[in-house]
Amino acid sequence: MSEGRDELKMMYGGIFDKLHASDGLREKVINAGSEPSSIKSGSRRKGATYIKAASAVAACLAVFIICSAIFGTGGKNSFVLTASASELGGEATVEMAAIRPVGGSSGNTVSGEDEEQHVTANVPFMVECRGKNISSVTYTIKNGSFVFPFDTIKKEFEDDYRRSYPNEARITDSISAKKAVGKDKWIYSVYSGMTSEGYGEYSSYTIDYGAQSGIASYSDMPELFPIDIVAGLSSKDDISENVKSAFSDYIFGSSGFSDYALGSDDTENERYAEDVMQAFKMIYDEMFGRVTVRADVTFNDGTTDSKTMSFSCMDASEEGGIVIGARIVDEGGRDAA
Amino acid sequence: MDKAEYERIAERYIDAVYRAVLSCSKNKIDAEDAVQNAFYKLLKTDTKFNGDEHIRKWLIRVAMNECRSVWRSARIRGVISLDELEGEAEYFDESERDLFNEVMRLPQKYRAVIHLYYYEGYTCGEIAGILKIKESAVQTRLMRARSRLKERMKEE
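Keeping their order, the protein sequence lines are chains A and B.
Residue numbers are given in my numbering: position 171 of the first sequence equals residue 171, and the series is strictly consecutive.
Residue numbers are given in my numbering: position 58 of the second sequence equals residue 58, and the series is strictly consecutive.
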């Protein structure tokens, strides 16, 4: 047995010993230490993205030109919403992001004689708004909340998912958000047992494109836009028997949520893990299917336009997560200033 | 960290960090981005390091987290192939290619522990510290990864 392991170690080590960082990568990394000031100034992007600033500018310019050609006839105001770089439009559902493994919480609350089971989950809100003459965009959520893992970024730190974030003051300069109130409030803070301290929970937020001095891009800078959609579902909601059954069998079963959460290694029974995946998919579909986000765009001349999107489960991702897709359900309408 | 110290660390560990992220990235571009971001964060961090080994572990952990943030976008699928790395890699024989491809077919979480255990030589406890997971989870992942590799290599 250990002989086989030693052989694996030798072979595996031999393979990786032959792999080296390219000269180009080596040069970029080492030069980053020589010119930190030039990296930091004049750009919002970090690390590799800073280093590749020139190519990024060229790419943005190309996107701008293409968008202008398609949507910007005669200098008219326009905007499109994209998820993972694909435009939302028509009936098509576009992949937005995967549910994080163990992305949520669950629990029981007892009210009177009734026991209520509830579960929440969060998914990165990776939607961008691009267009012409945009002054600002406000995203407003229904049946869910936006969550910023932090309100004010002071220094690099790690969040609960052990991703580390760099300092970036511009986020707070250019994004203003409205705290969630009323029913939205319970979804995250109460169900997860967390207080909102340290966790921004919002019903809407606005990105000021003037302050951004460009396009606010989630896909280019996911680490700078850690904005999640949080949705919740209760056994007392109007849900189908199948979903109720999934609640009872897989989330609140004898072993509990955490033991069988997606991505967990503690599930010895692979078959059972597949069942859990399907159950979660059903629950997430119900949960995120209730959420809508409306994007209200204000253009530089004061006119406005809006689109509303909804969400649904697509398929299991390669890594075992569940992909949430977005689609436009209401094209809204343009209003004069 | 001053410039000379940064350059010394970069020279010393860039290959180790690159190899670590290759083991859990899905393409070369992502791997290179993750390496650059990790070293950029080293420049910016206020972390007080207790020696080079601490820096090495920190860099590997940050770079692997960078890989996860790419996964988070759920856009890019597929795995790295040795063909993609041709030009910067030395000659690989058939058995090495087979093993590399089979390892790359494993889920990311298995690849990470395989690399840290078999290449970096870290103990399960150290890997648990780097990946911020339980030691028992490291052991489980290693066991399953080995088992899957064994099955797949037998099939061929």
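Incorrect hints may appear among the rest.
To be verified - With a Cα cut of at most 30 Å, we get these calculated DSS-like pairs of lysine-lysine:
(1) K281/A / K132/B
(2) K76/A / K18/A
(3) K57/B / K18/A
(4) K44/B / K154/B
(5) K28/A / K57/B
(6) K28/A / K48/B
(7) K236/A / K142/A
Stated by the list, open to error - If you want the ones that stay clear, here's a sample from chain A, every Cβ over 10 Å from chain B, calculated:
(8) K9
(9) Y12
(10) G13
(11) S22
(12) G33
(13) G90
(14) K132
(15) T138
(16) S204
(17) V243
(18) M277
(19) T303
Simulated from the structure, these hints should not be mistaken for laboratory data.
Note that this is a predicted model, so its numbers are computed, not measured.
Quick reminder that beta carbons are idealized off the backbone N, C-alpha and C, glycines included.
Hints, one by one, checked against the model:
no. : hint            : result
1   : K281/A / K132/B : holds, 27 Å
2   : K76/A / K18/A   : violated, 55 Å
3   : K57/B / K18/A   : holds, 21 Å
4   : K44/B / K154/B  : violated, 47 Å
5   : K28/A / K57/B   : holds, 21 Å
6   : K28/A / K48/B   : holds, 25 Å
7   : K236/A / K142/A : holds, 18 Å
8   : K9              : violated, 5 Å
9   : Y12             : violated, 4 Å
10  : G13             : violated, 5 Å
11  : S22             : violated, 5 Å
12  : G33             : violated, 4 Å
13  : G90             : holds, 20 Å
14  : K132            : holds, 25 Å
15  : T138            : holds, 24 Å
16  : S204            : holds, 24 Å
17  : V243            : holds, 24 Å
18  : M277            : holds, 13 Å
19  : T303            : holds, 33 Å
In this structure, the hints that do not hold are numbers 2, 4, 8, 9, 10, 11 and 12, in rising order.
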